[in-house]
Amino acid sequence: MIESRPAPPKRRPTVEDPWWIKTVLLAVAISFLVIFLLVPLITVFASAFQKGLGAYFATFSDPAAFAAIQLTLLVAGIAVPANLIFGVSAAWAIAKFDFPGKSLLITLIDLPFAVSPVVSGLIYVLVFGSQGWLGPALHDYNIRIIFAVPGIVLATIFVTFPFVARELIPIMQAQGSEEEQAAISLGASGWQTFWRVTLPSVRWGLIYGVILCNARAMGEFGAVSVVSGHIRGMTNTIPLHVEILYNEYNFVGAFAMASLLACLALVTLVIKSLVEWRMHVQEKSEEPVSSA
Amino acid sequence: MTATASIQLWWKRRILPGFGLTLGFTLLYLSLIVLIPLSATFAKASGLGWEAFFRAASSPRVLASYQVTFGISLFAAAVNAVFGGVLAWALVRYRFPGRKLLDAMVDLPFALPTAVAGIALAAIYSPNGCLGGPILALTGVRIAYTQLGILVALIFVGLPFVVRTVQPVLEDLDLEYEEAAASLGASRLQTIVRVVSPELFPSLLTGFALAFARAAGEYGSVVFIAGNMPMKTEIVPLLIITKLEQYDYRGATAIAVVMLVISFFLLLAINGLQRWSNAGRAR
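Order-wise, the sequence lines are chains A and B. First residue of the first sequence: 1, per the numbering used here; consecutive thereafter. First residue of the second sequence: 1, per the numbering used here; consecutive thereafter.
There may be inaccurate statements among the hints.
[Stated by the list, open to error] Quick list of simulated restraints, FRET-style, between CB atoms: (1) Leu53/A to Phe54/B: 29 to 35 Å; (2) Glu178/A to Asp174/B: 29 to 35 Å; (3) Leu104/A to Leu175/B: 35 to 41 Å; (4) Leu101/B to Asp140/A: 33 to 39 Å; (5) Gly190/A to Ser39/B: 43 to 49 Å; (6) Arg194/B to Leu104/A: 18 to 24 Å; (7) Leu175/B to Trp19/A: 41 to 47 Å; (8) Trp133/A to Leu63/B: 28 to 34 Å; (9) Ser61/A to Ala52/B: 49 to 55 Å; (10) Val281/A to Phe54/B: 39 to 45 Å; (11) Ser39/B to Gln173/A: 26 to 32 Å; (12) Ser39/B to Trp277/A: 38 to 44 Å; (13) Ala174/A to Asp174/B: 30 to 36 Å; (14) Leu32/B to Asn247/A: 30 to 36 Å.
[Unchecked claim] For the chain B half of the interface with chain A, some residues (derived, Cβ under 7 Å), not all of them: (15) Gly18; (16) Ser31; (17) Ile33; (18) Lys44; (19) Gln67; (20) Ala90; (21) Leu108; (22) Ala256.
In short, the hints are calculated from the structure, not lab data. All figures in this text were calculated on a predicted structure; none of them were measured in a lab. Just so you know, even glycine gets a beta-carbon here, dropped at the ideal spot from N, CA and C.
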């Protein structure tokens, strides 16, 4: 930027909106957010506690609730690491190398985001279900995938498939591969280069992708609903248990379970904001280095 | 010269290890999780035969559900385009207390599981809910268990898309153009219409398309508030589940294939729009 600009004219042409437009737009924006976001969020907690703490905690003493929490943790515990490994590996191949068909590959990785959750569940029913491709063979070996935990894991992996990859690919592309090449030519092994050079510089993007992936994995409803079979205490995740309690008119119970997921969403948003702030700081601190 | 350059390029490309391993794993995982199950669906549908497929995908009840899903999704995306645009403008251009908090809150629909949003919205807008009750008493309009309920849920899930696509473009937009327009005598309104909105249009349209695509496939937040009456408030994803529960796998597959084809085209359109809006930003 040129600092020796002529002194600004006395009356700068205004790019500010008049005060009344400002007030109207702000009022519209804030009421829109309050009505559509804040009221639902408050409703979850208000309904969960409407009959007091005792009723709230009674929900969690039900073994089926406990089983649902356990299953949700198990499913996320498999799906998130699987997609993390995939995301890192896809980002390494796409960002550090050139090959034909790269943009097609990036589009294909995004594909699960475009598919309706219900259809995401259905495609596994059509492969592994009793009417599906592999159904008869699986039946012979007494392996259950649909209406069992493996199906829930697969459907969850599908719907959270792109999160880590699509976060990492642009960051690693922007960083180029000069630093890695320097490390390799100085004698570092491939793994050393990845752990010591690549990973530290993409860590915030990685965390960002992982927490979003986790939030979706724990909260997925449509896809899991199709493959789960809704067996209480066996194949119910937290969102499915919320549905069952709600349909039984146990509103306090449904909202109490839902409040767990709402807390998860709030924690996710807080971590996300922190990571965004860290990424911003990192970008700023790296600017002089890259321009030098 | 070119030979050495290309050898250097080749060497540069190969100096990093792990290309075969990572690309191989990526393609394998992509095929197992995404491509093979998706093609199994298309294979299953083609096994139905053209006539049976057409009959299953276009019965009156199915046609009505397309109309409900796509019509209300379009409407919800349009509402989000208007309010999301206003919200992005307020967040970027105005300074007010609590701005950072509002900014963080915009992502809530991404983070809040759809089933949670669904039961919360159903409780709020039901005839004895905190908003549904007063609205019914004042205007006589029911929201929950009607098409308006579906609209509310779809506005909720699509809300972040427009804000998050318009916001970065607005942040990059140089104030100098607006200053120039103003100093040349344009009114604020003229400046907004002639200078600002052409710059924002591609991103606004991208956000609209993203919100629409998300709304068309949405299930969890809608089923609790929709009422789920066949021909009136039954969305396509719910109809697929209903068919599955009745062991009508053919019917479910046929409708799913229609949805898949539509979402592929939407994905292509959105990719094109994103390129357009990025090209605008790079200028």
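Legend entry - Hints the structure fails to honour: The structure conflicts with hints 1, 4, 5, 6, 7, 10, 13, 16 and 19, although it agrees with all the remaining ones.
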